[in-house]
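Please take these sequences and the hints and turn them into a complete structure.
Going line by line, the protein sequences match chains E and U.
By our numbering, the letter at position 127 of the first sequence is numbered 127, and the numbering carries on one by one without gaps.
By our numbering, the letter at position 19 of the second sequence is numbered 19, and the numbering carries on one by one without gaps.
Hints listed in this document are in silico derivations from the structure and should not be mistaken for laboratory results.
Because the structure is a prediction, the values reported are computed rather than measured.
One or more hints might be untrue.
If several chains are the same, the list does not tell them apart, and a pair holds so long as it fits within one copy or across any two.
Said to hold, decoys possible - Using 30 angstroms as the maximum straight-line C-alpha spacing, the simulated DSBU-like pairs for lysine-lysine come out as follows:
| # | residue 1 | residue 2 |
| --- | --- | --- |
| 1 | K2 | K26 |
| 2 | K22 | K63 |
| 3 | K26 | K163 |
| 4 | K22 | K154 |
| 5 | K90 | K113 |
There are 2 protein chains.
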Amino acid sequence: MKKGLLIVLSGPSGVGKGTVIKELMKNENLNLSYSISMTTRLPRNGEQEGVNYFYVSKEEFQKAIADGELLEYAEFVGNLYGTPKAYVEKLRNEGRNVLLEIEVQGAMQVKEKCPDALSIFIIPPSIDELAKRIRGRASEPEEIVQQRLEKAKKEMELIPQYKYVVCNDDPILASDIISAIINRHMQI
Amino acid sequence: MKKGLLIVLSGPSGVGKGTVIKELMKNENLNLSYSISMTTRLPRNGEQEGVNYFYVSKEEFQKAIADGELLEYAEFVGNLYGTPKAYVEKLRNEGRNVLLEIEVQGAMQVKEKCPDALSIFIIPPSIDELAKRIRGRASEPEEIVQQRLEKAKKEMELIPQYKYVVCNDDPILASDIISAIINRHMQI
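Take a look at the structure:
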C-alpha cells in the first residue's frame with residue numbers, strides 16, 4: 001500500500017479554514033484523516049479523548065518533547081498543543097492522507113522534520129475581506145480585530161515557505177482546488 | 001440551455017499555456033471550444049480557414065473594427081488579429097464554454113465588453129523558472145530571452161485585473177485547477 005500524504009494546512013484566523021476543511025472531509029475519495037492533537041488543556045464539557053484531543057499531563061507532554069515524539073508543538077494561553085509523530089505515521093502507513101490544520105510556526109517545524117509534507121496556505125481574497133469576515137463572525141472590539149489583522153499579515157509573510165497558496169473566495173471552489181492538489185500528489 | 005462561459009486565459013510567453021490548454025481540451029466534461037481568431041495574416045502552408053484562423057483582408061478587418069464586431073483585437077508584426085463577437089456568442093448560446101487564449105491587452109478589452117468573462121492568468125513558479133523554460137524551448141540569443149522576461153514582468157503587472165491566478169508548476173495540476181474553476185462557474 002502506498003504511504004499516505006502528510007498535508008499541512010495553514011491560514012490566518014478568519015479566512016474560513018473550517019468550512020474548507022469540512023468540504024474536504026466530505027470527499028471520501030481523498031482518503032483524509034484529520035489529525036488529532038495532543039494537549040495539556042483539560043477536556044471541556046462533551047469533549048472526548050481521541051476524538052477532540054489526546055489529553056495528557058504537562059509532564060507527559062514535556063517528556064514527549066524531550067523524547068522527540070512530536071512533529072510540532074506550541075503553547076497557547078498556558079496550554080501545550082502538539083502533533084504526535086507516531087500517530088501520524090501509523091495513519092500514513094495505513095494509506096490515509098493526514099491533514100494537519102496548524103499555525104505557521106508549527107508548519108515550519110513539520111517542514112523541517114518531514115520535507116515531503118504537502119504544505120498549503122489559504123489566503124483571503126484581500127485584507128479588507130478578511131477584516132469583514134472577522135467582524136462578521138464575532139462582535140469583537142475594533143482593537144482586537146486590528147490585532148488579528150496584524151497577526152494575519154505577519155503569518156502571510158511566511159507564504160513563500162508553502163508549496164501551494166489557495167485563495168478562499170468561495171469555500172467550495174477552494175476545497176475543489178485543494179482536492180485537485182491532493183489528487184495530483186496521490187498520483188506522483 | 002444555459003449560456004456557456006467566456007473564459008479568458010492569459011500568461012507570459014513560455015509559461016506553458018499550450019500544454020495546459022491541450023490538457024483542458026482533453027476533458028470533454030468541460031464542454032470547451034477554443035476560440036478561433038480572425039486575422040489579416042496570409043494562411044501558412046497547411047493552415048485552414050475556420051480551423052487555424054478566419055482569414056480576411058485588411059479592409060474587412062477594419063470594417064469589423066468600425067462596426068464593433070470584435071471582442072478584442074491587436075496588431076502583431078504588421079498583421080491584425082481579433083476575436084469576432086458573433087462567433088463567440090453563437091458558441092456560447094449553443095451552451096459551449098469558449099476559451100480565449102489572448103494577451104493581456106486583449107484581455108482588458110474583453111473584460112470591458114464582457115464583464116461576466118471568467119479571466120485566468122497563468123504564472124510561472126518563478127521568474128527564474130520562466131527564464132529556464134524560455135531558454136530550453138528555443139536557442140535564442142540571451143538578449144531576446146531578457147526582452148521576453150521584461151515583457152513577461154510587464155504583463156504580470158496586470159495580474160490584479162484577473163479573477164484567478166494559477167501557477168503552472170505542473171501542467172496537469174494547473175489544468176486540473178482550471179477545470180475546478182470552470183466547473184464551479186458552470187454551477188453558479
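Against the structure, the hints:
Taking CA atoms no more than 30 angstroms apart as the test, K2 paired with K26 passes in both settings, with 22 angstroms inside one copy and 28 angstroms between copies. Within a single copy, K22 and K63 get their C-alpha atoms no closer than 33 angstroms, and across copies no closer than 55 angstroms, so neither meets the 30 angstroms cut-off. For the identical chains of this complex, K26 and K163 are neighbours both inside a copy (24 angstroms) and across copies (27 angstroms), given an alpha-carbon limit of 30 angstroms. Within a single copy, K22 and K154 get their C-alpha atoms as close as 26 angstroms, which meets the 30 angstroms cut-off; across copies the closest is 39 angstroms, which misses it.
Taking CA atoms no more than 30 angstroms apart as the test, K90 paired with K113 passes inside one copy only; the shortest distance there is 16 angstroms, against 56 angstroms between copies.
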